[in-house]
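Student: Spelled out, the chains give:
Number of protein chains: 2
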Amino acid sequence: MNAPVRLISLLAMVLSATAIAQGNRPPPIESPVVRPDRTVTFRLRAPDARKVELSGQFLKGNQMMDKDEAGVWSVTVGPIEPNLYPYQFVVDGMSVADPSNPDLFPNERFKSSLVDIRGETAPLYAAQSVPHGELVYGFYQSKVLGRTRPLVVYTPPGYRASGGSYPVLYLVSGTTDTEETWFRVGRVNFILDNLIAQKKAVPMIVVMPYGNMMMGTPMPNSLQAAEMYKVFNDELLHHILPYVESNFRVVADREHRAIAGFSRGGGQSLFTAFNNPDKFAWIGSYAAYLTPEVCEKYFPELISRVDETNSRFRLLWLGVGKADFLYPQATAFNSFLTEKKIKHVELITEGGHTWMNARHYLAETLQSFFR
Amino acid sequence: MNAPVRLISLLAMVLSATAIAQGNRPPPIESPVVRPDRTVTFRLRAPDARKVELSGQFLKGNQMMDKDEAGVWSVTVGPIEPNLYPYQFVVDGMSVADPSNPDLFPNERFKSSLVDIRGETAPLYAAQSVPHGELVYGFYQSKVLGRTRPLVVYTPPGYRASGGSYPVLYLVSGTTDTEETWFRVGRVNFILDNLIAQKKAVPMIVVMPYGNMMMGTPMPNSLQAAEMYKVFNDELLHHILPYVESNFRVVADREHRAIAGFSRGGGQSLFTAFNNPDKFAWIGSYAAYLTPEVCEKYFPELISRVDETNSRFRLLWLGVGKADFLYPQATAFNSFLTEKKIKHVELITEGGHTWMNARHYLAETLQSFFR
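Protein chains in written order, with this note's numbering: chain A, -3 to 367; chain B, -3 to 367.
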């Protein structure tokens, strides 16, 4: 903490007593508190709750929390392996986000908070002292959803001043995520800022659409899912691409267009690219797959004309974790591609169906796209 | 609901059974459900809770909710006067946002959700069929806070293509709000899109900084508060203005610079404009004030040279609701200005210290700024 910040904090403590007297509010709780040794204290004020647990992807199971005389529940865990993790409190069986933490996980169903555990070096997903790009919320008319929808667009550092045109990655999030999840949880902006500064990634535009064309209901992976992927395919091609290409300076050809996604978004990315090999040359599938039957039904030519397929796709990249619940299906898809002699790159990692893995896979592919 | 949406919803219901079987999740809850007669049903799954209440600014007091055999609590209220309201559930004394509603109120302390009750005509804050501006999250280095901070910038429809320069409004939110609150709750973007389309507002850029320079602690209104306003003043002038003026096409003179805010943000706006009459010509104070002692201590020349003051400020606008807890102080400030013969415009409305009023005051002043 530097000197002016410390001064302000001191003054803040003095003033907060006055504020409480005025507003009749209980004193603010600090949660989470991350210490340099990577132990973390989580706190929740819930004086009438009977049981409060901490649930987080850094824990093996839920952790019981203890209540003090002021009705504040707390638990200290760790040291935790450095990463940016989702967590929530389970209060008498109901999951809630941490009310003291403004850093939320955007999702249509569950409400999680985020805790950032730092190691000795700044992680790739952190805001570092490099030029920063912007995140833009644009609004376009979705015919499929019958309403105005936001989509989030990353423009690289210097975009406004440069006048140049850029390649574009369409980046799709998972089931029940929103157009904000790759920004808030995936931290694609800081990852790209850092990779661009290190000259490990080409400056590019990233477009994050809302992927759930079913308006809130989760989607299974099946032939029926493929029908749903077609709805996404149509929205992307007929409404999102034209919006992006008329509002941002992008190079509008297949060699400068990538599509990638996590979980259901990975399925949508595979489907859309396979369905439009004239439009996309770069593909990233993060913890996702298509079934052989979907491939055979919808893309027979991709399989029968392998040489053409292999010359068209500059990168077909597939990553999955060994503990991912989709690991069997994802690796079966990898085997199917191998058997059909369709060129692809596989990355098998530790870990499960998590945003920590999604972020890792993104960082890997960003270094290959458009090279 | 139009035909493709209906088809998708049907298919979604079929698929969701599969999804539940796969994911072992309870079925999704729909909440809130707003009916054409403006009655609304709110629902929360909390099987182990003993008491769940609905709290909302459309209610006189908290409303008890009832539990069904599946552990889902619900209540139907209304008809409710059309507006966009914050609400939350109080579960055994603990306030939580609605987990089924992705529309959240960004705030550092409390977690509310938003419910939009529509009347017969589309409200000014709604996305209508007009050209839309963009919301931009830019990242700048805050010396005061010692870290990279986002700020949110609205650019008007056609900004990217136009090449022209625009006037700029600095718009500050209230205590414990964030740089997102004027976007998510204030809906400044849709209000401006609509006013610009109706030619009732000048196309302008709006910059929404993070106002809480004390990093999370509320601020009282007092002489001490003025010291805190000075910290904000410095951040705005030395770090935010240069960022904005080097990244966006703004006309960088006082006649094309406005500052306005709600609650503590209104106090910061008054203080910063009074402190820099060479930099700001337009002021909006929404449910806020400065004390006479602050004015006399910090701005003696503004009071002693009234003619100069009145020629410098093109608009000093002050709005407050009769039920606002700051009503006595805000109207005392109005009287002080009148007594000192400082020209200003007052609007006294019904209602309290709410974002419904803040939105109303914003819409009023947007029609006067830069005219």
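Among the hints, a few may not be true.
Remember, identical chains collapse to one label, so a pair may be satisfied in a single copy or spanning two.
Straight-line distance between alpha carbons at most 16 Å, and here's what the computed EDC-like set of lysine to aspartate or glutamate pairs gives [said to hold, decoys possible]:
hint, residue 1, residue 2
1, K275, D249
2, K47, E335
3, K339, E116
4, K47, D88
5, K47, E65
6, K47, D33
7, K63, D88
8, K195, E65
9, K226, E342
10, K275, E65
11, K318, E342
12, K47, D274
These aren't lab readings, by the way, just hints derived from the structure by calculation.
Student: Output the numbers, in ascending order, of every earlier hint that fails for this structure.
Tutor: 2, 3, 6, 8, 9, 10 and 12
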